[in-house]
Structures are given as C-alpha cells and as structure tokens.
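*Asks:* These protein sequence lines are chains F and A, in that order. Each position in the first sequence, counted from 1, maps to that position plus 114 in our numbering. Each position in the second sequence, counted from 1, maps to that position plus 207 in our numbering.
Hint data in this document are derived by calculation from the structure and do not stem from the laboratory. Heads up, the beta-carbon is just placed ideally off N, CA and C, and yes, glycines get one too. Any given hint might turn out to be false.
Partial pick of chain F residues on the chain A-facing surface, computed with a CB cut under 10 Å [to be verified]:
no., residue
1, A165
2, T262
3, N274
4, F281
5, Q309
So these bits of chain A aren't anywhere near chain F, every CB distance computed over 10 Å [claimed, not checked]:
no., residue
6, G216
7, I217
8, A225
9, A230
10, T252
11, E256
12, R282
13, R295
14, E311
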Amino acid sequence: MCDHCGCSAPKHSHAHDHAHAHGHGHGHAHDHHHDHDEEHRTIALHQSLMARNDRHAEQNRGYFKGRGTLALNLVSSPGSGKTALLEATLRDLKNEFRMATIVGDLATDNDARRLRASGAPSVQITTGTVCHLDAHMIQHALEDLGNTPVDLLFIENVGNLVCPSNFDLGERLRVVVTSVTEGEDKPLKYPSIFQNADVVLLNKVDIAEAVGFKRELALKNIREAAPAAVILEVSARTGAGLPAWYDLLRDYTRAKPAAHHHA
Amino acid sequence: MHEFGIAEGILKTALDTAAQHGAGKVELVRLRIGALAGVVDEALTFAFEALAEDTPASGARLEIEPVPVRCYCARCDREFEPPRFSYRCPACQALSTQVRSGRELQLVSIEVS
Numbered sequence: 115m116c117d118h119c120g121c122s123a124p125k126h127s128h129a130h131d132h133a134h135a136h137g138h139g140h141g142h143a144h145d146h147h148h149d150h151d152e153e154h155r156t157i158a159l160h161q162s163l164m165a166r167n168d169r170h171a172e173q174n175r176g177y178f179k180g181r182g183t184l185a186l187n188l189v190s191s192p193g194s195g196k197t198a199l200l201e202a203t204l205r206d207l208k209n210e211f212r213m214a215t216i217v218g219d220l221a222t223d224n225d226a227r228r229l230r231a232s233g234a235p236s237v238q239i240t241t242g243t244v245c246h247l248d249a250h251m252i253q254h255a256l257e258d259l260g261n262t263p264v265d266l267l268f269i270e271n272v273g274n275l276v277c278p279s280n281f282d283l284g285e286r287l288r289v290v291v292t293s294v295t296e297g298e299d300k301p302l303k304y305p306s307i308f309q310n311a312d313v314v315l316l317n318k319v320d321i322a323e324a325v326g327f328k329r330e331l332a333l334k335n336i337r338e339a340a341p342a343a344v345i346l347e348v349s350a351r352t353g354a355g356l357p358a359w360y361d362l363l364r365d366y367t368r369a370k371p372a373a374h375h376h377a
Numbered sequence: 208m209h210e211f212g213i214a215e216g217i218l219k220t221a222l223d224t225a226a227q228h229g230a231g232k233v234e235l236v237r238l239r240i241g242a243l244a245g246v247v248d249e250a251l252t253f254a255f256e257a258l259a260e261d262t263p264a265s266g267a268r269l270e271i272e273p274v275p276v277r278c279y280c281a282r283c284d285r286e287f288e289p290p291r292f293s294y295r296c297p298a299c300q301a302l303s304t305q306v307r308s309g310r311e312l313q314l315v316s317i318e319v320s
C-alpha cells in the first residue's frame, strides 16, 4: 500500500491525490459554453512539472532530519565504480557509523547483493525501464528499511548522467562519481548533473597513467562545471584518497545534533 | 528517456484541468523549459503527441519557451548569462555558484475549447 500519494504504479492503483478535482459541484453554471464551442480559453497554471516529486523530496528531507540520517544521492554513468566505492566505504566505516544503502538498477539486484555482503542493510529498487530514481520510490524503499537506525544512507542512483539530475530525492548531498576512464570532458557533456553537485569523486586514479588521463584538464573541467563542489580524487580499489572522502562524511554527520554512534 | 514521464505528467494535468473547466478539448499547452533542465524538446513533444492520441488533448500543440541560464556573481553583485555553461562572471572571472534560472520545468498554461 502506498500511504504517501496516489502513485501510479500498478500495485498502488488508488490514485487519490487529485480528489480536489471532484470538489467543483458548481459545474452547471458553465452551460453557456455550449453556445461558444469554437471559443478558446486560456487557463493559467504556472506550476512546476516537478512539483509532485519535489513534495515527496521535502517529506524525505524531513524524515532524514528527524532521524538524524545523512542521506547522499550518488549519480554517475554506468561503470564509474559507484558500487566498488560503496563497498569500500561500508567496509572501512562499519565500526563508526550505522549505514544502509538504497540501490536503483534497471534490471538486476547484483549491486544490492554485493553491498549486502558488507552486513549493511540494502534495499533494491528495480526501476524496469525508468532511467532514474524519484523521491516517491525512495519513500517505499524507506518503508522497507523500517525502523533500523541509520547514520549514513547511500542512495545509489541508476547509472545515467542525464535523467537523475531533475529528481531531488531529499538528499543532503548530491555526489557525482566519475572516473579517469571516462575522459576529461565528461563535465562539459553533462552540464546539468554537474552544475548542482555538492561533491565530485574522481575515481580510478590508480590507473590514470595507463589510460593517458590528463589530470589538470579534467580537474579544470570539473571545477568549471561544478563550481560549488568539493572535488576528491580517489581509488576505490587501492584505497587512495578515501580518507578524505571519509573525513567529509564525518564532517557532515558531526554537523547534526544527537550523534549517538559508538564504535 | 525521462521525457516520457514528464509528458505523462503534463497530459494528466492538462486533461484534469480541462475537465474541471468543462472544456471538451485541449488545444495548446505552454511550457517553460530551462537550458539546464536536461529535457530535449523534440523527445518531449514526441512523447506528448503519442500519449495524447485518443484523448481530448489529441492534436494539441506544445509551445515551449526556452529559459536561458542566468548566474549571479556575488563579487560584482550582478546577474549574467554564461556562455555555454561556464558560470564564470565575464567581468571578474569569478566562478558563480548561484544559478538563478535555467533549471525550470514549468507548465505555464493551457488553451482549451
């Protein structure tokens, strides 16, 4: 059951969120329109097409705040190493934080199974043909996580650098993961997703030399495309640069009240 | 690909609104779409037309007003339109972290008959 909205998923067929549309019992006053069938009328709406998602995102933000959870939305192209990065994070910080993951994938639950091996709870969202996660899907995933207390919630978005950029999930930090194998001009090709990134993780720096990666140019492009972002160079495989990523997570969790985790 | 979902939302709102106003047909839908919204106009139009078939919005036109990116430079206290998403203030070269417009996805109005 969906308690949040009239979501259109087949298993939640009670589309009740437009109940107000039935409240116009005065409709018979408009009889005169039948005399002017050809007349065009303009009806002003001025509404965001993302309004519904944004409403759910605000609910999620409140939920996270109330529970003292730092939520992160990790977006990247496929193969940038999001899952490997999360595996390392879950392994290295497991004595420090209570962590959980929500994983969006088009078809398989391979990533969620990989992450569950760390012992942290992981909820899979199989999106089918949908190319991004939205705030409402997150609400259902949070129901599945139940009352497990969580300090750090990592939301691994569907591998895609276009569609997820419009969908606020209610996260505190939007993290773009990119890797040296993707070339230096990724930020210029996908300006929308980089522009409002809080953190950019440049992954796989251990093989930068082997793939002829132009580091200075890449950093310049990321800086230009994501002016507000903290940029960290890491390797999920070797662990290089990860301490700075962990420090960033510590900084953001410390900023909240009531941190009650103990090793 | 997400243009399809957005088109569904537009169509639903247009049809609901037309019905509330006792209109039989949706003729035109006006939208404002920011350059940073990540939406391809052609894909959106294609999806809308396909979805609107056999509904009172069949044949309705989408009129899309593009919204340019505008940034604010705190140092110069002024807004500017960055060339090709560079976010650098043309006067002082500082990088702007404040994008004030360009991410819009707005349904402005519909025309019904």
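*Asks:* Now look at each hint and say whether the structure bears it out.
*Replies:* Now the hints, each set against the structure:
1. A165: Since the shortest Cβ distance to chain A is 9 Å, the answer is holds.
2. T262: Where the cut-off is 10 Å and the nearest Cβ of chain A is about 30 Å from T262 (chain F), the hint is violated.
3. N274: Since chain A brings a Cβ to about 8 Å from N274 (chain F), closer than 10 Å, the hint holds.
4. F281: With Cβ-Cβ at 8 Å, under 10 Å, it holds.
5. Q309: This hint holds: Q309 (chain F) lies near chain A, its Cβ roughly 6 Å from the closest one there, short of 10 Å.
6. G216: The claim breaks: G216 (chain A) does not keep its Cβ more than 10 Å from every Cβ of chain F (closest is about 6 Å).
7. I217: 7 Å, violated
8. A225: 8 Å, violated
9. A230: Non-interface label on A230 (chain A) violated, nearest chain F Cβ at 7 Å vs cutoff 10 Å.
10. T252: 14 Å, holds
11. E256: Nearest chain F Cβ is 17 Å from E256 (chain A), so the label holds.
12. R282: The claim stands: R282 (chain A) keeps its Cβ more than 10 Å from every Cβ of chain F (closest is about 13 Å).
13. R295: Per Cβ check, R295 (chain A) is inside 10 Å of chain F; nearest 7 Å; violated.
14. E311: Not fine: 8 Å to the nearest Cβ puts E311 (chain A) too close to chain F.
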